[in-house]
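*Asks:* Each position in the sequence shown, counted from 1, maps to that position plus 37 in the working numbering.
These aren't lab readings, by the way, just hints derived from the structure by calculation.
Beta carbons are placed, not taken as given, at the ideal position from N, Cα and C, and that holds for glycine.
Possibly wrong hints are sitting among the right ones.
[To be verified] Restraint ranges, calculated between C-beta atoms of paired labels, are given here:
1) Gln54 x His116: 36 to 44 Å
2) Ala122 x Arg45: 28 to 36 Å
3) Gln42 x Ile127: 16 to 24 Å
4) Leu141 x Lys109: 26 to 34 Å
5) Leu94 x Ser73: 25 to 33 Å
6) Ala129 x Gln54: 25 to 33 Å
7) Thr128 x Lys66: 31 to 39 Å
8) Arg46 x Lys77: 17 to 25 Å
9) Lys47 x Gly124: 19 to 27 Å
10) Lys66 x Gly124: 16 to 24 Å
11) Gly60 x Val87: 23 to 31 Å
12) Arg62 x Lys139: 31 to 39 Å
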Amino acid sequence: MGTDQNRRRKDSFHRKQLRRVLGIRYPIKISNRSKSLYKKCEHTPISLEVLQARWRLFGHVLRREPSISANKAMTFYFHDNAKRARGRPITALPMTLNNDLKIL
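Please take these sequences and the hints and turn them into a complete structure.
*Replies:* Dropping the structure here:
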């Protein structure tokens, strides 16, 4: 769930499904982005749940021993002295977490 556009799309789809579960049709108006829909369902936006899950995963990875592949990949990511390949940069977990911090 990297870009802002993807995040908005997923939240929009999630709200649509919540309205469907509640049986809210077109003539009945409920604000999309207001908290009233989430309060009725006792739920939070899906983008926040994904963000929390991503940070929980990061915490689990940090607590594991350094020999597992996830920690090796992070070590390689931060200590890579090789020349960067051409094209778009790879979206890695550290970059995604950095973007999440900017959102918060």
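*Asks:* Any hints this thing doesn't respect? Which numbers, in order?
*Replies:* Per hint list: single violation, 10.
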